[in-house]
Amino acid sequence: MHRRSRPKAYEFVYRVFNIVVDIDRLRDDAVGRRLFSYNRFNLFSFYDRDHGARDGSTLRPWVEKHLAAAGLSHAAAHIRLLCMPRVLGYVFDPISIYYCSDPEGNLAAVLYEVKNTFGDQHGYLFPVERGQTAPQDHVADKIFHVSPLIAMNARYRIRTASPDDRLAVLIRESDEEGEFLVATLTGERRDMTDAALLSRFFRIPFLTLKIMIAIHFEAIRLMLRGVKYTTRPEPPAKEVSLPPPRRDAA
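For the sequence shown, numbering that gives the first Met the number 0 gives the first residue as 0, with consecutive numbering after it.
Hints should not be assumed to be uniformly reliable.
What the hints assert, rightly or not - Using 16 Å as the maximum straight-line C-alpha spacing, the simulated EDC-like pairs for lysine to aspartate or glutamate come out as follows:
| # | residue 1 | residue 2 |
| --- | --- | --- |
| 1 | K114 | E238 |
| 2 | K227 | E217 |
| 3 | K114 | E233 |
| 4 | K7 | E103 |
| 5 | K141 | E172 |
| 6 | K141 | E217 |
| 7 | K7 | E217 |
| 8 | K141 | D119 |
| 9 | K64 | E233 |
| 10 | K141 | E178 |
| 11 | K141 | D101 |
| 12 | K114 | D92 |
| 13 | K7 | E238 |
| 14 | K237 | D140 |
| 15 | K209 | D119 |
| 16 | K237 | D119 |
Unchecked claim - Computed Cβ-Cβ distance ranges for the label pairs, DEER-style:
| # | residue 1 | residue 2 | range |
| --- | --- | --- | --- |
| 17 | I219 | R158 | 17 to 23 Å |
| 18 | Y228 | E175 | 33 to 39 Å |
| 19 | L169 | R39 | 32 to 38 Å |
Hints are computed from structural coordinates only; laboratory data are not their basis.
Yeah, the Cβ is synthetic: ideal placement off N, Cα and C, and Gly gets one too.
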């Protein structure tokens, strides 16, 4: 669901599906599946170059580098990635989420990987308090251009929890006048069997192409209603925005 309250109110809902992968088991997970491949064309596939450094290298070193830079190396024991797969070789994934756990299996960090339709990408990294199992609220100033119909002087508040049996992601965007956009991503976990993949293909064919078309279709509708178009600024120099330093208690 995507709902905007100003300058022009609108709302739309699209059915989508995501996959959750263990970044250390991608090759193994593809073995035995006829409809899903790793770094190889198929009905559904996952390519390393769609994420992280975007150069085809494996994802773990890239994630570990940014966790270490934030003092979160303990969160690299187990890393799962929520993302959209390629469908017949094509993908556009507006937001992918790395759920990073410590050696005891506790969620210890979350890295949001955001993309725009211009091919740019930026990450927002947040720690998770030790022992915290409730959904996490993460707040960040917007420093990465996502839509030419939304100004940069905004702030995100994102709520998510470990995607076990259910997925729930809530994104709120606000500016000096208050909240103006809410987006949600919800779903239930299903085993990624060939039968399930084939069912999803027929229920939601050309998933990621549909998303790209929908983004441009909704943008045209808004511009026809008078919403101002802003030019794309240069993306941030840093790949990932680190969390603000913690303040010691007095």
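Hint-by-hint comparison with the structure:
1. K114 / E238: Status holds; Cα separation ~11 Å.
2. K227 / E217: holds (14 Å)
3. K114 / E233: Answer holds: K114 to E233 is near 13 Å, not above 16 Å.
4. K7 / E103: Roughly 47 Å separates the two Cα atoms, so the pair is violated.
5. K141 / E172: Measuring from Cα to Cα gives roughly 9 Å; hence the hint holds.
6. K141 / E217: violated (21 Å)
7. K7 / E217: Holds: K7 and E217 sit about 12 Å apart, inside 16 Å.
8. K141 / D119: Given pair K141, D119 holds - Cα atoms ~14 Å apart, limit 16 Å.
9. K64 / E233: violated (23 Å)
10. K141 / E178: Between K141 and E178 the Cα gap is close to 13 Å, so the pair holds against 16 Å.
11. K141 / D101: violated (28 Å)
12. K114 / D92: Within the cut-off at roughly 7 Å; holds.
13. K7 / E238: violated (32 Å)
14. K237 / D140: holds (14 Å)
15. K209 / D119: violated (19 Å)
16. K237 / D119: Measuring from Cα to Cα gives roughly 12 Å; hence the hint holds.
17. I219 / R158: 17 to 23 Å: Violated: the Cβ-Cβ distance is about 30 Å, outside 17 to 23 Å.
18. Y228 / E175: 33 to 39 Å: Given a distance of about 21 Å, which is not inside 33 to 39 Å, the answer is violated.
19. L169 / R39: 32 to 38 Å: holds (35 Å)
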